[in-house]
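Protein chains: 2
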Amino acid sequence: MSKRIEYWFDFVSPYAYLTTQVIEQLAKKYDREVDWHPMLLGVVFKHTNSTPLTMRPPVMADYHKHDMERSARFAGLPFVLPEPFPINTQNTARVCLWLKEAAPAQVGEFVRNVTRTYFSEPAALNDIAWLGQQVKAMGLDGEAAMAACENPYYKDLLKSACEEAVSKGIFGAPWLIVDGEAFWGNDRLPQLEKWLDSGGF
Amino acid sequence: MSKRIEYWFDFVSPYAYLTTQVIEQLAKKYDREVDWHPMLLGVVFKHTNSTPLTMRPPVMADYHKHDMERSARFAGLPFVLPEPFPINTQNTARVCLWLKEAAPAQVGEFVRNVTRTYFSEPAALNDIAWLGQQVKAMGLDGEAAMAACENPYYKDLLKSACEEAVSKGIFGAPWLIVDGEAFWGNDRLPQLEKWLDSGGF
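The listed protein sequences derive, respectively, from chains A and B.
Residue numbers for the first sequence follow this note's numbering, beginning at 1 and rising by one.
Residue numbers for the second sequence follow this note's numbering, beginning at 1001 and rising by one.
These are computed hints drawn from the structure, not numbers from a lab.
Nothing here was measured: the structure is a model prediction, and the numbers come from that model.
There may be inaccurate statements among the hints.
[Said to hold, decoys possible] Pairs of lysine-lysine, DSS-like flavour, derived with a Cα cap of 25 Å:
1) B:K1029 / B:K1194
2) B:K1003 / B:K1029
3) B:K1065 / A:K168
4) A:K65 / B:K1194
[What the hints assert, rightly or not] Distance windows between CB atoms, simulated:
5) B:D1179 / A:P104: 43 to 49 Å
6) B:K1003 / A:N88: 42 to 48 Å
7) B:F1201 / A:T117: 21 to 27 Å
8) A:P58 / B:K1003: 25 to 31 Å
For each residue, glycine too, the CB sits at the ideal point set by N, CA and C.
Please model the complete structure; the sequences and the hints are all you need to start from.
In structure tokens:
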């Protein structure tokens, strides 16, 4: 089994969406596998009194909205900031955790698909029925995915994931860990790639 | 006269130091001139209740210190976080404003030199005598530079610069403006370069 890239993200993070679209391809280039770790930024943010970028003082929020759009264009990806934003993503994260057990080879496909849809067009990202449709469209068991949203096992799994994120010192997304080295932000992918290429610098 | 890149910075900003070392070279590549705008982050931060990265909760401050070091290595530049950090840089900024009038062709050299020294070895960055020595070593009038630090004219000029930064919506450094488009952070240089190369995207 190849070595891993731990990838921590929230489905609602615009910059994580950009990383999500390319991380598996980047990992493959360096013979790595992506270990997908959905979490909830709302939980993580509490530990550093942090806030979503779009809810900061207007001059900052305006810059960040503009930067999200420009960063997406820079990456050649579509981007429309959803309304309302941000939203809770606990059901989406639970479906992702279910997929990690039910169809581990398709986790990347799921995360790429739902984030690309969420940041391209009106989409009910965290709606249980919508999630079921997304999973069904992938040729998987949509009913089982919907059931996972209300299953205490996956609720606990997500709670533990958020606690693990905090214990690892994670305070934002996208957050990537390679051989114990942490990289925060889509704009750190060039450094991450240099790390993968050189074995550390 | 070529078109300009407005470059807003504080001498104490580690990420601005990284930008400072390369911005004039980048500007020349696209037939631009750098318009150096020293400012004080302490003043700018008040308008968004922001704080220096190294003074945030420990888990964030630790990550940022590590990221500063790694980002410098990634750029091939030396970096040692000075102690104490951050410090006020009003005298350094005033000397810079004096240089913009007294020796405009050497402003870039001054900013590169003093930041590289400050982030490489123990250096009295904001000390008036130290600043006089730096200017003298450049073949310029060190006494006049020292006098500028106490001159109400340069004090007012710096105050106005900080007000102008706030009025432009600047809330951090390095901050670059090209044809009205704002880029915040050394990690946005790839986007800035694409903008210069393509005329906007």
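- Query: Which earlier hints can't be squared with this structure?
  - Reply: Every hint satisfied by this model.
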